[in-house]
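Please construct the entire structure, taking both the sequences and the accompanying hints into account.
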Amino acid sequence: MLTRYGIGRLARSVVALGAATTLTIGGTVTASAALPRVTGPTVAGTAKPTSAKYTALNGGVTDGTYWYAVVSEHAKSGTKLYDSTQLIKTKLYATSPTKVAAFRIRSGHHTNLLGHGNDMAYNADTKRLLIPAWTNDDSVQGATQGRAIRIINPGTLAIEKTVLLPHTTTALCYDAVNNRYVGGTLNQYYAYNSAFKQTGKSAKLTMTGTGQGIDCDQSYVYVITSPKGTQKTNRIFVYNWSFKLVRTYEYASGSESEHLTHQHGTYYLGFNIGAGRLYRLDGFQFTVTYAAAGGKGSMSPTVVLYDRSTALRKNTFTRSGYTFAGWTAKRSYDNKTRYQNPKDTSKTGWYAAGHQPSGWKPYLYKNGTAVLHTTLRGAVALTAVWRTA
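Using mature numbering (1 follows the signal peptide of the UniProt record, and there is no 0), the letters of the sequence shown correspond one by one to residues -33 to -1, 1 to 356.
I should point out that these hints are in silico values taken from the structure, not numbers from a laboratory. Since we're looking at a predicted model, the values are computed, not measured. Mixed in with the good hints, there may be bad ones.
[Claimed, not checked] Derived DMTMM-like pairs: lysine to aspartate or glutamate, alpha-carbon spacing no greater than 20 Å straight-line:
#, residue 1, residue 2
1, K20, D104
2, K47, D105
3, K199, E217
4, K15, E40
5, K94, D30
6, K66, E40
7, K66, D30
8, K20, D105
9, K128, D92
10, K43, D105
11, K66, E127
12, K15, D30
13, K195, E217
14, K328, D301
[As the list claims (entries may be wrong)] Here are the in silico distance ranges between beta carbons for each label pair:
#, residue 1, residue 2, range
15, H134, V213, 20 to 30 Å
16, A278, D311, 24 to 34 Å
17, H340, A292, 22 to 32 Å
18, G321, A292, 14 to 24 Å
19, H41, Y318, 44 to 54 Å
20, V130, A320, 44 to 54 Å
21, K195, N302, 37 to 47 Å
22, Q198, A337, 27 to 37 Å
23, Y318, G261, 21 to 31 Å
24, T197, K47, 28 to 38 Å
For every residue, glycine included, the Cβ atom is placed at its ideal position computed from N, Cα and C.
Following this line, the structure appears as structure tokens:
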């Protein structure tokens, strides 16, 4: 959560996330944009600090098993405000924390602290958490504090070392496919390689609302903003890695979103409700993977923004003595395969193996065909089908 020092403190909103929560999609959000319903919302995590004084959720990330969340205590001393933070580790879909570590900020003390803990990244290769140490309270801070990234051991929640970035950083994300980062603040972001050498930079991005956290994958960078002024809901601005706007989504809730995180094609939004709640996003995007099924070669996954037509990769696998016939599809969240009635090919459906209608065969996706809403979340595994030459 970005506050103070020219950014503006956002009033706390505790509007409940109800079943009518919707996601608006489009290049820009307009009053006439379609509002497909988001399933749920499903609670995927609850942040429970050791004291009720910690009332504000800030950064967070998941490694696919646990949700790591930073919550803050805003303590006043005279006219000054000092933050204290706790880093909470909770198993996804559980309510009791696995581990809690406290990092207090006091006047004159600025060594090895999480700062405001505004955002968090998880490096799946090094298996480490990364938290920008930027803070906006009245504690005495070192000259490099705004550029400092704390490297955290997810098992112990202890700070192992600090990395300094070239620019002030309040938000950070990691692309595990290409081993690279994006970091920055508000409307200025920078691309970095695995050693934090700058490789790219955005123009000044124009976004509404209050800037919060970011997330990224091999195809896109996602910037979230929460309600402010005329913007009454939360938005996710989707950019490509050249920082060109691809699409804007709206999460129709007045509660304050704080961070976006994902693993295995499933995305979650952290909200400042109580000490913090994590909600699963459905109907946002999914990942398509490709399997050779006896063939040779490799193919990179395809990220599909939900309800945005995206072409599948053309097959590059080879198999001696066979020709490629198409792809079968199985989605991860319910382990169902798409089937088709061979007598009436307009009839298709998703079924668990052995439970499809009698005579139905696995549906074959053509080479390079486009998809847009194959699954609500997670991954769709495409497996090559071969015919003898």
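ask   = Between K66 and E40, is the straight-line Cα distance small enough, at 20 Å or below?
value = Given that 20 Å is the threshold and the Cα spacing comes to 18 Å, the pair holds.
Hint consistency between K20 and D104 [alpha-carbon to alpha-carbon, up to 20 Å] = holds, 16 Å
request  = Would you mind confirming whether the straight-line C-alpha gap from K328 to D301 stays at or under 20 Å?
outcome  = Roughly 19 Å separates the two Cα atoms, so the pair holds.
query = CA of K94 to CA of D30, is that 20 Å or under?
reply = holds, 8 Å
Distance restraint hint 44 to 54 Å, applied to the beta-carbon atoms of H41 and Y318 = holds, 52 Å
request  = Measure nothing beyond the straight line between the CA atoms of K66 and E127; if it is 20 Å or shorter, mark the hint as holding.
outcome  = Measuring from Cα to Cα gives roughly 17 Å; hence the hint holds.
task = Hint says 28 to 38 Å; check whether the CB-CB distance for T197 and K47 agrees.
result = The hint (28 to 38 Å, Cβ to Cβ) holds, given that T197 and K47 are roughly 32 Å apart.
query = Using the C-beta atoms of H340 and A292, is the stated range 22 to 32 Å upheld?
reply = holds, 24 Å
task = Mind checking the alpha carbons of K15 and D30 for me, to see if they're no more than 20 Å apart?
result = holds, 19 Å
key: Beta-carbon spacing of H134 to V213 - inside the hinted bounds 20 to 30 Å or not   = Holds, since H134 and V213 (Cβ atoms, about 24 Å apart) stay within the stated range.
query = Using the C-beta atoms of Q198 and A337, is the stated range 27 to 37 Å upheld?
reply = holds, 32 Å
ask   = Is the straight-line distance between the alpha-carbon of K20 and that of D105 20 Å or less?
value = The hint holds at about 18 Å.
Every hint, counting from the list given before, is met by this structure.
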